[in-house]
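Engineer: Each chain is listed here by its residues.
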Amino acid sequence: MAVEGVVAAMDPAGLKAIGAGIAVGLTGIASGIAEKDIGSAAIGAMAENEGLFGKGLILTVIPETIVIFGLVVALLIK
Amino acid sequence: MLSPKQMSRVTIVGHKTIMEQTVNALHGINSFHIEDYNDEELGLKIGKSFENADDVSSKLIKIRSISSFLGIKKTDVGKQNVESLFKELDTKLVELDDEVSKRTDRKNEIENHLKELDALNKELQPFITIPLDLDQYSGYENLAVFSGVVKGDIEFKLSSITKSYELFSDARSGTIVLFVLKEHADAVSDILPEFAFKELRVPEISGLPADLLKKIREDIVNSQNDIQSLNAEIESLRLKYSDFILASDELLSIEAQKSEVPLRVATSEHTFMMDGWVPNEDYDMLVSTVENATNGRAFISRTAVTREEDSIVPIKYDNPKISRPFEEIMNLYSRPRYSEIDPTSLIFITFPLFYGMILGDIGYAVILMGLALGIKKLVKSDAVKPLMNILIYCQISTLIFGVLYGEFLGFPLASLHTEHGIVAGLIPGFETINLFASPFATEMITYPVHRTHLVMTMIVVTALIGVVHINIGYLLGFVNERRKHGIVAAMLEKGSWLVIELGILLLALGYAGYIPSAVGIAVFLIGFVMLLKGEGIKGPIELPALLSNSLSYTRIIAVGLSSIYIASTVNQIAFEMVMPKSFGLMTIFAILIFLFGHALNTVLSIIAPGLHALRLQYVEFFTKFYEGGGIKYNPFGYIRKYTEE
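Top line first, the protein sequences correspond to chains A and B. As numbered in the working numbering, residues 1 to 78 make up the first sequence, in order. As numbered in the working numbering, residues 1 to 645 make up the second sequence, in order.
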């Protein structure tokens, strides 16, 4: 009975919010991890040749898509 | 508009005697891009710089060092006539150099003197209370002198060695001057370390320390005054010669530029050959100018650009004035190749469009528009201007979408009735109008468009915008590829993507039951084979990018929503949580939160939508067609600011 009571107390809206939070949070961390290596390499390349800014920016923001997908999933869950 | 300026390759050949006239003429029209000669195999040598090169560059170095010494800044001053400047250049430069070096020498002299005085001042300081002439510190046959600093009283210990001593001391600073007989010197120097004795050097001058110090201080003040008056003289020199220095710097820079041209062209014993590029529209002018200057003795020939030369043609943009600021965005990535489509005019439409769709807020549009106009007016830099123009274009688009979305600093303008109750709008009486049901989700399309309540619809709409944008990219890629490698390669490499997309569309229709699925599968497979043939194994690997690229455009709504939520959270904290019922201290606090929060979000409103809109161009759009790598068109010439002919 006690277990049932606990289950009944879980609000589906709350679980959705947790799910949305996890979706954004984890993908944000993933993007960060992916971008940190590319970003530092891009800065290094730019120090050698400033003309590489455009290419460096592109390569750096490619993993940004991961967190955008996370955000979209969070919006869908909501 | 969609391609760079048309160029011609121009070769100018002539006798060496007319080389200087030719160079002067070319410099005057500022339109000829010199192709550096570095192919010695043809049997022609790189030329030697003109005779005046050494003279010009030594003068240029002199004028630049004077300019940096005087701290000349580039300001708007009147233009000077070149001829009269040339006439007076030598005499005036000598005169200026003389005036300046006189003052620099004098200044250095005084500064060195000041340093010496400073050192002496420090050395004398400990002896200030000892009433002994500095002469009396040395030159004894039977006496040893100890001068230094000690801690504590040494007299008791000293008297155990000898009674005959003479001690001068300053209790406050711990300075002692001790005279003892030479025979006791060793014994005394043995006990001194117990009192942490530190020897002081006695300056080799005569006089009482107190008197000397007074004199030194006077001297220091005098020297500082001298330096000040010298600085004033230098300042007046700067004012007097500023115009001359700016103008002659420019004049000499131009001369140096001209005199070094032979280092970039091919020469034989008696002739020279200049190779370069000129925009088609300037060709006639170039011919007539050079022929006038050389009495028709120079031979000029022109060839059309061949395909092999594609990568070495200098690129001069050819865009209408309105879309020119977006060339900066192109430069940031890479200039287009000569035969490529120049997408500047397309970015002019899509970049502000995406930016506005993301931000879409009347309040921020007005703030940022004011900011951009202000900076444009205040900062005269040529690098900042195009960026501000881009920002202004983006704000116009933001304003339009702001009206469409009905948002002002995160507040909805119109009130909205939802199942959870009524969301009040900022304008009383402005009700949201239901237009029609969304075809993609169980949502109602309204005016104004409430993005927060139309998330599903907006996700689908933005992804569809992505599909359209990407397909424009494939079409441009098709054109580029056709120009470069012909229609077959274009069909296989870029057309195949369109066929695959058509196949997917037909498959979807088949899934819905309108047509047999086999049609869709067949078209898809045809496209797949074409892609495999065109791009090799790389093609199928990139196939999923079709989905991820279009989904990537959902950032338009995602980033936009995050901006709204930040703004409305700031509003909520300021007006619902902090703002009290009656006026008080918390009212000011609430207003501060409101201002600070929106200031932060304004900064984010430049960075986030800007970067994401840019990324959609660079990553999703450009990768479909753009290669880049063109060389900057850099005509031989100079834009005169301080001189005129």
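Wrong hints could be hidden among the right ones.
Unchecked claim - With a straight-line cut-off of 30 Å between C-alpha atoms, the simulated DSSO-like cross-links for lysine-lysine are: (1) B:K538 <-> A:K36; (2) B:K632 <-> A:K55; (3) A:K55 <-> B:K484; (4) B:K115 <-> B:K92; (5) B:K198 <-> A:K55; (6) B:K376 <-> B:K316; (7) B:K107 <-> B:K122; (8) A:K55 <-> B:K380; (9) B:K198 <-> B:K122; (10) B:K122 <-> B:K92; (11) B:K533 <-> B:K87; (12) B:K316 <-> B:K380; (13) B:K87 <-> B:K122; (14) B:K376 <-> B:K5; (15) B:K533 <-> A:K55; (16) B:K62 <-> B:K122; (17) B:K484 <-> B:K632; (18) B:K641 <-> B:K376; (19) A:K55 <-> B:K5; (20) B:K74 <-> B:K484; (21) B:K321 <-> B:K240; (22) B:K316 <-> A:K55; (23) A:K55 <-> B:K122; (24) B:K380 <-> B:K538; (25) B:K87 <-> B:K74; (26) A:K55 <-> B:K115; (27) B:K62 <-> B:K115; (28) B:K385 <-> A:K55.
Worth flagging that the hints you see were computed from the coordinates, not collected in a lab.
Engineer: Given the hint that K62 of chain B pairs with K122 of chain B, does the C-alpha gap stay at or below 30 Å?
Structural biologist: Since the Cα atoms of K62 of chain B and K122 of chain B sit roughly 39 Å apart, the hinted pair is violated (cutoff 30 Å).
Engineer: Verify the proposed pairing of K74 of chain B with K484 of chain B, using a straight-line Cα cut of 30 Å.
Structural biologist: Distance of about 46 Å is beyond 30 Å: violated.
Engineer: With a cut-off of 30 Å on the C-alpha distance, tell me whether K62 of chain B and K115 of chain B pass.
Structural biologist: 29 Å, holds
Engineer: Quick one, are K321 of chain B and K240 of chain B close enough, alpha carbons at most 30 Å?
Structural biologist: 40 Å, violated
Engineer: Quickly compare the C-alpha distance for K55 of chain A and K5 of chain B to 30 Å and report which way the hint goes.
Structural biologist: 25 Å, holds
Engineer: Is the hinted pair K376 of chain B and K316 of chain B satisfied, with a Cα-Cα distance of at most 30 Å?
Structural biologist: 25 Å, holds
Engineer: Is it true that the CA of K115 of chain B sits at most 30 Å from the CA of K92 of chain B?
Structural biologist: 34 Å, violated
Engineer: Between K533 of chain B and K87 of chain B, is the straight-line Cα distance small enough, at 30 Å or below?
Structural biologist: Judged against 30 Å, a Cα distance of about 71 Å means the pair is violated.
Engineer: Sort out whether K55 of chain A lies within 30 Å of K385 of chain B, counting only the CA atoms.
Structural biologist: 23 Å, holds
Engineer: Does the alpha-carbon distance linking K87 of chain B and K74 of chain B stay inside the 30 Å limit?
Structural biologist: 23 Å, holds
Engineer: Please work out if K87 of chain B and K122 of chain B have their alpha carbons no farther apart than 30 Å.
Structural biologist: It is violated: about 54 Å lies between the C-alpha atoms, which goes past 30 Å.
Engineer: Is it true that the CA of K632 of chain B sits at most 30 Å from the CA of K55 of chain A?
Structural biologist: OK: K632 of chain B and K55 of chain A at ~17 Å, within 30 Å.
Going through the hint list in order, the structure does not satisfy hints 4, 5, 10, 11, 13, 16, 20, 21, 23, 24 and 26.
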